[in-house]
Every structure is written in structure tokens, then in C-alpha cells.
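Asks: Sequence:
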Amino acid sequence: MNLSNRHPRVAAVAAAVVLALGLTPARSQEMDHSMHQPVEPTAPVQDASEQEDPHADHRMPPAEPTEQESERAVDHSMHAPTEPAQPAPKASEEPADPHAGHAMPPATPQAEPMDQAAMDHDTAMDPDLPATAPPRDPIPPVTPADRAAAFPEVDGHAVHDKSIHSFWLLDRLEAWDADEEGTGVGWEALAWVGTDLDRVWLRSEGERVDGTTESADVEVLYGRAIARWWDLVAGVRHDFGEGPSQTFAVFGVMGLAPYKFEVEATAYLGESGQTGLALETEYETLFTNRLIGQWLVEAEAWGQDDPERGIGDGLSTLEAGFRLRYEFHRQFAPYIGVVWERAYGGTADFRREQLGDIEETRVVAGVRIWF
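Numbered by mature numbering (1 follows the signal peptide of the UniProt record, and there is no 0), the letters in the sequence shown go through residues -28 to -1, 1 to 343 in order.
Since the hints were made in silico from the structure, they are not lab data.
Some hints here could point you the wrong way.
As the list claims (entries may be wrong) - 25 Å max Cα-Cα, derived SDA-like pairs, lysine to any residue:
id, residue 1, residue 2
1, Lys232, Val269
2, Lys232, Trp148
3, Lys232, Asp149
4, Lys232, Asp277
5, Lys134, Arg196
6, Lys134, Val172
7, Lys232, Pro124
8, Lys232, Phe139
9, Lys232, Val126
10, Lys232, Ala163
11, Lys134, Ala199
12, Lys134, Gly166
13, Lys232, His210
14, Lys232, Thr167
15, Lys134, Asp203
16, Lys232, Arg323
17, Lys232, Glu160
18, Lys232, Thr219
19, Lys232, Glu270
20, Lys134, Leu169
21, Lys232, Leu268
22, Lys232, Ile264
All figures in this text were calculated on a predicted structure; none of them were measured in a lab.
Based on the provided sequences and hints, a complete structural model is requested.
Replies: Here it is, written out as C-alpha cells:
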């Protein structure tokens, strides 16, 4: 920047100082800039109009408004504190690096070609792969051989075979206090023998009070699997206990309903046109792997009165109970529970005459065994 054109007074003062020191204008510029970097050998002074800015190679602060440019040009001490002038180096001395005092940006490593990086990665994954081999895809396409290896054919277990199996369950064997009548004992048992599709079923249920059988029945049924978890059964039932014994033809269905409700629905056709319907459902709640609660609801209805056996038409009895068992062994589990039973319709009338009470609640204790 030419100072003589814009500030004549400042230029005159600067010239007087130069003359007083006996230095040329070029030598004075070298002294002013010696604080920034060592100067190169003195070059011929160019015309003031053609002289280049000595700070062109320096990193200058951002440009400011035009009116402030003159102040920056006059006072070069904005860059660094002024030190006493030192004699310029002789022409014989080797000039220093002009960039020695400046911080240079770190060199950026040249990026490795993508193909070479891919080949190095493949070589590291597979040492036997030549270094000059073309790069492979990171995930090769799935082939039919890959699918066959992922889903091999396996031999399933035998189903619907002709092997004979069996299952025996004493679901309830319990006792309770029957007040003045003594001790009551009840049972419910289930068993089957056969194949996966065809089975012979045995079912029995009854009660004894003070050594006398009040009611009991035994059923022998043929069962055929009609759906997953469901069997259709047909056979005979024989009742015995108080009053004359009686035999019925039996038709029904039994199985596991959704949400794991065990269901038995059975229809009866007996002597003298007597008909009946029994419905029983059970549900088990697992409090732990061994502590299990069993819920039970059972209902019976008959089509005709049978005074000798204490049965009236319509809804006969309704029973609900809860039993809590602990399985010390999967095949052996003692339990305690509470059972509520009530008679309805004509059956309630017969019980009221004989026992004076149509409703009963009892606490039971028993054991569950299967093998």
C-alpha cells in the first residue's frame, strides 16, 4: 500500500527518519518486517505505483470497512510488538525460510483406493486369497445351496402309529368332616388305553359318608379323536348307591378348549326314557412350577323325576370348588380346598325332605396321583 499518496505528512516523517539513520527506503522496509520473518536478499526498489504489498504472503485478519484500512496501513505494530532495528543480513548469508514462523496445516494422508482396501480386507478374511484377486461382495447373494443348508430335512417323531399306550389319573381322592354323619370321602378317576386315534376310556365318580355309598357311577367309553385335543366318546354308564342301580347309554365330547379349559360334555339316555346332561370344566392356575390351583365347575340336569334316587327334573345340582395342590413329585401332589354344592328344582325338594338342607360348603383335603 502506498503511504505517500494517502498520508503525505506521515511519509515525510518516515523519510526524515530514514535519512537520519542513513538507510535506504528499501532497507527500512526490511527492518520493519524483520519482526515477522527473516528477509531475502535486497531486491531493486520498484516504482511506488508498482510495488507489491509486503504482507501479501501473510495471513491477514479479515477485511474491515474501508475507512479503517488507512489506520492498519500506518501502524504495522498491530501484527507484533516492535523491536529495535537490526542490521539486515549480508548478501553472502543464506536467507532463512520465509515460512519458518508460520504454522502450517498438517499434511493430509492420501486416501487409499477403495479397490485396494477391499482387496486387503478380503485377503485378511481369507489368507489363501491372492492379493491381486478382484474384491468380493461383502454379503454374497443367497444360493439354493445356502437355503438347503439352512433348512435341512429332519425326521419327525412318529404320529398316529399303532402303539398301545395308557394313562391313569386319580384326580381327586379327598375327605371332609360331614358333621353328625361322620366323615365323607369322595373320588374322581380317569384312565384311557389305546392308540393316538382310538382309545378305551374309563371314568368314575362318587361319594361315601360314614361307610355308606351315597352316589357313584362307572363309565366305559370308546373314544375317537375328531380334532386336535378333542375326542368323541360313546359307551355305557352304570349308577349305584342309594336307591336302585340304573344303566345309561352315553354320548359326549371331551377335550381341551381354548385358554386350556378342560371340558367334558356328556348326554345320557336311560331306562324308562330318562335323559340327562352333565357338564364339567376345569382350569389350572400355576402360582409356581409346583404350587397349582385347580378350579372346578360341574352341573347336572335331568329330564324326569326319579324319587327313588332323589332326582328331580330340570337343573339338579351345581358344584363349584377350588383345590390348591403342591407337587412334591409330578405324579404325587397333596392338596387342600373348599367345595360349594347346591341342589335345585325337584332335587332340592327331595333333599329338603331327607336332609333338611339343599346347600353345603365343605373343606376338603386329599391327594392327586397319576401314572
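Asks: Which hints from the list above does the structure break, by number from lowest to highest?
Replies: 2, 3, 4, 7, 9, 13, 16, 18
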